[in-house]
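Each chain, written out:
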Amino acid sequence: MTWEVLSIIGTVAFAVSGAIVAMEEEYDILGVYILGIVTAFGGGAIRNLLIGVPVSALWEQGLYFQIALFSITLVFVFPQFLMKHWNRWGNFTDAIGLSAFAIQGALYAAKMEHPLSAVVVAAVLTGSGGGIVRDMLARRKPLVLRAEIYAAWAIIGGFAIGLGWARSSFELYTLFVFITLFRIFSYTFHWKLPSRSIYNEKSHFEQ
Amino acid sequence: MTWEVLSIIGTVAFAVSGAIVAMEEEYDILGVYILGIVTAFGGGAIRNLLIGVPVSALWEQGLYFQIALFSITLVFVFPQFLMKHWNRWGNFTDAIGLSAFAIQGALYAAKMEHPLSAVVVAAVLTGSGGGIVRDMLARRKPLVLRAEIYAAWAIIGGFAIGLGWARSSFELYTLFVFITLFRIFSYTFHWKLPSRSIYNEKSHFEQ
Amino acid sequence: MTWEVLSIIGTVAFAVSGAIVAMEEEYDILGVYILGIVTAFGGGAIRNLLIGVPVSALWEQGLYFQIALFSITLVFVFPQFLMKHWNRWGNFTDAIGLSAFAIQGALYAAKMEHPLSAVVVAAVLTGSGGGIVRDMLARRKPLVLRAEIYAAWAIIGGFAIGLGWARSSFELYTLFVFITLFRIFSYTFHWKLPSRSIYNEKSHFEQ
Numbered sequence: 001m002t003w004e005v006l007s008i009i010g011t012v013a014f015a016v017s018g019a020i021v022a023m024e025e026e027y028d029i030l031g032v033y034i035l036g037i038v039t040a041f042g043g044g045a046i047r048n049l050l051i052g053v054p055v056s057a058l059w060e061q062g063l064y065f066q067i068a069l070f071s072i073t074l075v076f077v078f079p080q081f082l083m084k085h086w087n088r089w090g091n092f093t094d095a096i097g098l099s100a101f102a103i104q105g106a107l108y109a110a111k112m113e114h115p116l117s118a119v120v121v122a123a124v125l126t127g128s129g130g131g132i133v134r135d136m137l138a139r140r141k142p143l144v145l146r147a148e149i150y151a152a153w154a155i156i157g158g159f160a161i162g163l164g165w166a167r168s169s170f171e172l173y174t175l176f177v178f179i180t181l182f183r184i185f186s187y188t189f190h191w192k193l194p195s196r197s198i199y200n201e202k203s204h205f206e207q
Numbered sequence: 001m002t003w004e005v006l007s008i009i010g011t012v013a014f015a016v017s018g019a020i021v022a023m024e025e026e027y028d029i030l031g032v033y034i035l036g037i038v039t040a041f042g043g044g045a046i047r048n049l050l051i052g053v054p055v056s057a058l059w060e061q062g063l064y065f066q067i068a069l070f071s072i073t074l075v076f077v078f079p080q081f082l083m084k085h086w087n088r089w090g091n092f093t094d095a096i097g098l099s100a101f102a103i104q105g106a107l108y109a110a111k112m113e114h115p116l117s118a119v120v121v122a123a124v125l126t127g128s129g130g131g132i133v134r135d136m137l138a139r140r141k142p143l144v145l146r147a148e149i150y151a152a153w154a155i156i157g158g159f160a161i162g163l164g165w166a167r168s169s170f171e172l173y174t175l176f177v178f179i180t181l182f183r184i185f186s187y188t189f190h191w192k193l194p195s196r197s198i199y200n201e202k203s204h205f206e207q
Numbered sequence: 001m002t003w004e005v006l007s008i009i010g011t012v013a014f015a016v017s018g019a020i021v022a023m024e025e026e027y028d029i030l031g032v033y034i035l036g037i038v039t040a041f042g043g044g045a046i047r048n049l050l051i052g053v054p055v056s057a058l059w060e061q062g063l064y065f066q067i068a069l070f071s072i073t074l075v076f077v078f079p080q081f082l083m084k085h086w087n088r089w090g091n092f093t094d095a096i097g098l099s100a101f102a103i104q105g106a107l108y109a110a111k112m113e114h115p116l117s118a119v120v121v122a123a124v125l126t127g128s129g130g131g132i133v134r135d136m137l138a139r140r141k142p143l144v145l146r147a148e149i150y151a152a153w154a155i156i157g158g159f160a161i162g163l164g165w166a167r168s169s170f171e172l173y174t175l176f177v178f179i180t181l182f183r184i185f186s187y188t189f190h191w192k193l194p195s196r197s198i199y200n201e202k203s204h205f206e207q
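Chains as they are written, first to last, in the UniProt record's numbering: chain A, 1 to 207; chain B, 1 to 207; chain C, 1 to 207.
If you're looking for bench data, these hints aren't it; they were derived computationally from the structure. This list has only true hints and no planted wrong ones.
The list makes no distinction among identical chains, and a pair is therefore deemed to hold if it is satisfied within one copy or across any two copies.
Listed next, the in silico EDC-like pairs over lysine to aspartate or glutamate satisfying Cα-Cα at most 16 Å (straight line):
no., residue 1, residue 2
1, Lys-192, Glu-26
2, Lys-141, Glu-24
3, Lys-141, Glu-25
4, Lys-192, Glu-148
If you're wondering where the values come from, they're calculated on a predicted model, not measured in any experiment.
Just chain A, same shape as in the assembly (with noise of 0.2 Å):
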């Protein structure tokens, strides 16, 4: 019951995170409505095919369809509204369904017995897939792979349930705890992982 709001929250977000995106690139309203529809679903689907749950599978959450669809609607009839409390709450209730996402992808490759890797690809996908597949398709690159420390939390995640270390409901509540609060952390100190230019080192090393 509770993941099941917490997956709510977290569809929400990925939803509203999606239109947001369309409306920027100033998509049409069909545009708005299939960016929100493939953040909300395009990680779990991708996973799906990856670890070789049925298709099925993705055709059977009704109600989350719904819910993201309402949610793509209001935000485009009332963007003023939403705008005014995104910056607030975005970030947050993303948070959350990056967290609860992907504790569910990691428990679903755990479920199928399959290897450690799978379990952890699982999990990356199912809390920052849709993202990924969002920025595809306005153009953008992917900003999972550049900003704030996003995708890392739900490798985290993924290695906790795939080694065994959280299995429990407590466990596992604790670990959506964790992920949720290290990912709000992240952009609210602007924690990011270390990169590094191939030209600067080049340079920096031929001097």
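Keeping the supplied structure of chain A fixed, place chains B and C upon it in accordance with the hints.
Here is chains B and C on its own, set in the frame of chain A:
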């Protein structure tokens, strides 16, 4: 039989549109063939993956494959000849393809007893998925998400079939004529779906 | 055994090329790993989906996965060291990967008794699909569709296997040497496939 003729017209139109985009982007001859094939078959391939059609179905379309390869060859060898006629016939044949493919995609999903959402998604993907992959491979913003109404007609076709409004041969042909005509009206009269720029809205609101 | 060594060389070359593109685009360390992994395994994953190999096959490549992760780590930690040697060895090892992967992809599809078109597509996707996904994630125009002849050698390999010209071990090794050599010739002597700009043609024609 009639559907096969319509599918062949659509396959040619899609393959040619992919080849033209590749030549506009100065891809080499192989890129021209790849974009042509991807545009003609990509939408159906993604649909098959998402609704669970066995993939072998993709490889039984030998005739369509050869027709697509032949069309692309003609485009590459006689581009001047084609361009004279493409402005007049290109959009027309593409409308036939959109319509025929959307209806067949929806019928596929309906036959598998998927819910309405899957039927609609199958219609959209089969009708316009190839064009989206084409634009992404050419690093363009997907046209169908921004320009004159396109994928929306596929969605309406999906609803008509998913809700059981169109079942008999006669109803399906009527639906086909309807989608084709309205797509032609869309580009002839520049019908666009509403779009909403977040920034304009905001500035408008904050004045 | 020999094929395994060649596959390992190819996996390293592909993973390193993905990591380098990510560093050129200033992605963070996670982006470097993701692009490396996607380049090394993305082509095979798409092929598996399209020809119907059970997805579990993807997760049984533990050794290759670890080798890829190790190579990417080396690139990220010692970029200067790598860049000194990459120009000489990068294209060479990449040619081995293209050739080994194309042949194995074609053999997979042939073993499943798919028609010729599927064998050729499997060869192309396994050999160059990862590079295409890499370029799209980095928001670049796919290199293999424009630069020195690349995927075309994979296509020739696909035909050789699909038509039954190369069956015995000896024939397959000969094919491997042929594809590798011709890829090396292609970038050494700047062999390009013909391309045709629609606009130049047109202006030429209308003069």
